[in-house]
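Put chain R on the given structure of chain Y with help from the hints.
This is what each chain is made of:
Number of protein chains: 2
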Amino acid sequence: MSEIIHCGRLSKADVGKTVELKGWVQRRRDLGGVLFIDLRDRTGIVQIVFNPDFSGDALAIADRARSEFVLAVKGKVVEREAETRNPNLATGEVEVRITEIEVLNAAKTPPFPIEDGIEVDESLRLKYRYLDLRRPEMQRTLLLRSKAAKIFRDFLDGEQFVEVETPILTKSTPEGARDYLVPSRVHPEEFFALPQSPQIFKQLLMVGGIERYYQIARCFRDEDLRADRQPEFTQVDIETSFLDQDQLLEMMERLTARLFKETVGADIPTPFQRITYADAIDKYGSDKPDLRFGLEIEDITDIVKDSDAKVFASVAASGGVVRALNAKGCATWSRKELDDLQPFAARYGGKGLAWITVKDGEWRGPIVKFLKPEEIQALTERLGVEDGDLLTFSADKKKVVADVLGNLRLKVGRQLGLIDDSAFKFAWVVDFPLLGWDEDAKRYVAEHHPFTRPMDEDLHLFETDPGAIRAQAYDLVLNGYEVGGGSMRIYKRDVQEQMFQALGFSMEEAHEKFGFLLDAFDYGTPPHGGIAFGFDRLVMLLTGRTNLRETIAFPKTASATDLLSDAPSRVDLAQLQQLHIRTVPKLGSKPAQPQGGQPAEAAAGAPAQG
Amino acid sequence: MSEIIHCGRLSKADVGKTVELKGWVQRRRDLGGVLFIDLRDRTGIVQIVFNPDFSGDALAIADRARSEFVLAVKGKVVEREAETRNPNLATGEVEVRITEIEVLNAAKTPPFPIEDGIEVDESLRLKYRYLDLRRPEMQRTLLLRSKAAKIFRDFLDGEQFVEVETPILTKSTPEGARDYLVPSRVHPEEFFALPQSPQIFKQLLMVGGIERYYQIARCFRDEDLRADRQPEFTQVDIETSFLDQDQLLEMMERLTARLFKETVGADIPTPFQRITYADAIDKYGSDKPDLRFGLEIEDITDIVKDSDAKVFASVAASGGVVRALNAKGCATWSRKELDDLQPFAARYGGKGLAWITVKDGEWRGPIVKFLKPEEIQALTERLGVEDGDLLTFSADKKKVVADVLGNLRLKVGRQLGLIDDSAFKFAWVVDFPLLGWDEDAKRYVAEHHPFTRPMDEDLHLFETDPGAIRAQAYDLVLNGYEVGGGSMRIYKRDVQEQMFQALGFSMEEAHEKFGFLLDAFDYGTPPHGGIAFGFDRLVMLLTGRTNLRETIAFPKTASATDLLSDAPSRVDLAQLQQLHIRTVPKLGSKPAQPQGGQPAEAAAGAPAQG
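These protein sequence lines map, in sequence, to chains Y and R. The letter at position 42 of the first sequence is residue 423 when you use this note's numbering, and the numbering goes up by one with no holes. The letter at position 294 of the second sequence is residue 675 when you use this note's numbering, and the numbering goes up by one with no holes.
Bound-form chain Y, shown alone (with noise of 0.2 Å):
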């Protein structure tokens, strides 16, 4: 006998056989002198049975194991009695008479219990990381994680992809997020930086003429941290050769849909529908809007521009825009609800969130008296609106009203249940703008990242205006949240070079920056794109959590700290001084303060640059 991992495997069809089996002591109950023990492993849990009738000198040593005892065991299964079997346990029709028994180990009592949805603190559940694991969720998302790699993996070997591994100790970059820095014990005074990403390798890869590569790669940023933020993650990172756009779109949703199918056996549809992101923002006040629900917003500048409102009229005078969302069924909201919609609104950067309720034919609300009945006819029509609705506005600049009502939008939704938890909506975001301009720095940023290619028949803007440049530029969209994003990558030297120029790099800067890459371009790069995948935001969404903690086996902490090895740490100083470095004490107690005006937010939204 070799099968030993298979405690929760254990069913009627196994009757009659004598078995083996390796595992934690789950529970153990003594009825009478018989002593009855779940014995827990991988696969779940099995009862067994030590009776002085059967179990011989094996019931007096089993009697001293208690919970998380690590127990050897050798029995026959029987057929459980009709009113004995366990309906809530796989394996409740059998249980296991042991004849034979070792105690392979001992345990303590350990500082929580090992089941699922246990309510402990989670600082002491990452300390003790190696009971959590025991608990079933954890296995139950470790092993969907590493399935999820399997299939990722397995649908790119089919499409002839090559799995590289590029460096982890390679050159730092100053754009974008912070990095994190290894001092070099060869090379004094210099560094190695952890990769943000493969981004420049898997391109040079695609110099190097491997057309189709993938990585489920290791990426580190040293940003300050949040719930779905860890200082190193994992990204599903894809590079192609000589394909499109489309293709590599419909490649990706095919693969999308089979990691969806093959783990939580969901059926998506493709295509996947495609939204630029002009629409994302005006409809759903969002880059990465969770279409699961309507609930649009509608632009009504048109409308009040010439109104009475006058804070409506003065923002569409100066530029602004003038926007609603029809809070359907919400006229019931209290005067208190109503009221938390101006700090709501302030949360955003909005200034204020005009409303009207809609009872009984009668509207009512601030705003109403300066409305004149063809503008109150016109919202009507627009915004559909029906006896028992709640109609919200925001006035200011377009970024500041997608922001206010694209967050009213998702409160709403939730408030209103038209959220369905079990559904996976997927979208492609396309047609990003291909820089932003940015307003401290006086200049063009890129919007994904400075490879990114902009659209064929958009080049002619580099001269005129360079804002208005759409990019060859993807992002795939669940649920509200970025699981992918990616892009066409400029090949050519003379737009590498234009980017850069729109950019405020002089041609020193950029070579000094990214020379290899441009030297590269020399040599017959082909066209390329690709994609990454923000592989434990992907996990943690096909297992339904919110935290992205709860997918990694050894995470980090908000303060980037292992609660377990008790990483960081100090070390000795001949280590340092073998790397010619020293430390700067911290003075006083203020937290060192980020320096030099990185943009911290560059990285800030995307899981995965691509």
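The reader is advised that the hints may include incorrect statements.
Stated by the list, open to error - BS3-like, lysine-lysine: derived pairs with alpha carbons at most 30 Å apart: (1) R:K873 - Y:K489; (2) Y:K792 - Y:K686; (3) Y:K642 - R:K528; (4) R:K873 - Y:K508; (5) Y:K686 - Y:K779.
Unchecked claim - A few chain Y residues that face chain R, going by a derived Cβ cut-off under 10 Å, partial list only: (6) R423; (7) I495; (8) D535; (9) S553; (10) T554; (11) M587; (12) G589; (13) D605; (14) S940; (15) H961; (16) R963.
Treat the hints as calculated values from the structure; they're not laboratory data. Values in this document were obtained by computation on a predicted structure and should not be read as measured data. Glycine included, each C-beta is placed from N, C-alpha and C at the ideal position.
Same frame as chain Y, now just chain R:
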């Protein structure tokens, strides 16, 4: 048509088809107005033809193309006429008559030819790695590497292993090789370390009930480099619970056999030979013997211990050994070759190497006159002496004799052509000593690592003779290389404490270094053990290379630099300030010396510690 990756796959079966091809110009020839271009993609090369008769404008466009231009072409596959077929080309029976062309990108003349077997300085290849990677032998290597990873994964998946990612930012454990350190921005004066292996995490995963874990893991050692070392390297890292050593090795043999069958078509017989560490040292002078040939070392201490050859007798008397290697048929060596044996021995720490030639029944050599007839008789029998043999003798401490004769054995084996370059000879070296005596530190050190399980029957030796304890440790050896290694691990706290005592650690020290692992022992740790394969080295042997750099897409040089991206490099002062460190300029030009007595050689022999 979207089959675009297939230049090298066209054959007579495609004749008559219209195909689209995208690839690089390998070479071009103009024969009387007809242009022939060898077009190359990842799959190989095909000849495309431009002729005024069918190519129209495409001919003029193609005429501008030079080596490494990127072309997209469309045309009809035709059979070549008999006399123009190229038997050296897989596609040599066909050519493609081009009707449409687009130049996707131009190229400057590359710094070296894009073909196999070039004689180019390696540093130039590394600087232009993106061109080097286009060469067929590099493409083949990366494709095989990718395939090998897939085979590992598929096999392990089939055996129900779970792929788990372990942290790259982890805790420094200054035992073994030097750590790469990463300063923490959030925690001033604290550092992460890059892992030398996932050893502790994989053991914690076993404590966590994962039962079967694997990962193709990046590992980091800040050591001085050799041809077969890289600062970052890849190991296939494996750990299992509940399997004993025999079960694990049997499974790994099946894995290895499948890997070699599916990559290079080699039939590897299983089970693999097992040889004890003691026998390997005695017979082959090495713990990673090349078993493709015999030529075993023989101990003759008993024969010569009372010999008039004082060098033999005195060594024997002082506890050393006298051993001999019979270099069959080497009696013909020149005087210079025989003289060269002395510096050869010195290179491996030997004081000398005695020799005897046997020609026409006559024994000649400096020591012959000291040998009694009965000694000659005994040597003749022990060494199987025949006419034409060269007998070599080393007398010294056992380790020195092993190094000298082990290396001489390899030299003679190569010189005599005894080594079949196409053979793959595997063996497990087992029964390693648990502890080795460190003469400098005057204490025992772990031969494998401090978590290696002693043999049960040797446990009592902790009290009396720790150096004699054998470990449940094993190395996988192939053709004289160590390609994997591992051990069963200690899983009982009392044994681990005995081990730490034997290593001279106080419990405080042990707890500071490995406290979280010791804590884990208290909560039901299952018996477990594992292995790690040196993936880079396996790929090297599978592809017949002799340099690890050839197996890695973007390797580092012997001075740990990346010539392509120019890493490591200087960084902005602001970056260092954020990390609370500053650099210490090197004084003078003398390279900084490693400090603190790190046991730099601890990891020297091991491509992988598992």
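Does K528 of chain R lie within 30 Å of K642 of chain Y when you go C-alpha to C-alpha?
25 Å, holds
Given hint G589 of chain Y near chain R, where the shortest CB pair must fall under 10 Å:
3 Å, holds
Status of the D535 of chain Y interface restraint (C-beta, 10 Å, chain R):
9 Å, holds
Please verify whether K686 of chain Y and K779 of chain Y have alpha carbons no more than 30 Å apart.
15 Å, holds
Let me know if the C-beta of S553 of chain Y comes in closer than 10 Å to any C-beta of chain R, holds or violated.
The hint holds - S553 of chain Y has a Cβ within 10 Å of chain R, the shortest such distance being about 5 Å.
Holds or violated: K792 of chain Y to K686 of chain Y, with C-alpha atoms at most 30 Å apart
28 Å, holds
Satisfaction of hint between K489 of chain Y and K873 of chain R, Cα-Cα up to 30 Å:
Given that 30 Å is the threshold and the Cα spacing comes to 13 Å, the pair holds.
Are T554 of chain Y and chain R close enough, Cβ to Cβ, to be under 10 Å, as the hint says?
Since chain R brings a Cβ to about 9 Å from T554 of chain Y, closer than 10 Å, the hint holds.
Minimum Cβ distance from D605 of chain Y to chain R below 10 Å?
Check passed: Cβ of D605 of chain Y comes within 8 Å of chain R, closer than 10 Å.
Hint validity - R963 of chain Y Cβ closer than 10 Å to any chain R Cβ:
Holds: closest Cβ of chain R sits about 6 Å from R963 of chain Y, inside 10 Å.
Taking the closest Cβ pair, is R423 of chain Y under 10 Å from chain R?
5 Å, holds
Would the hint on I495 of chain Y be counted as holding, given a Cβ-Cβ threshold of 10 Å to chain R?
Holds. Min distance 9 Å.
Hint check: no violations occur; every hint is consistent with the structure.
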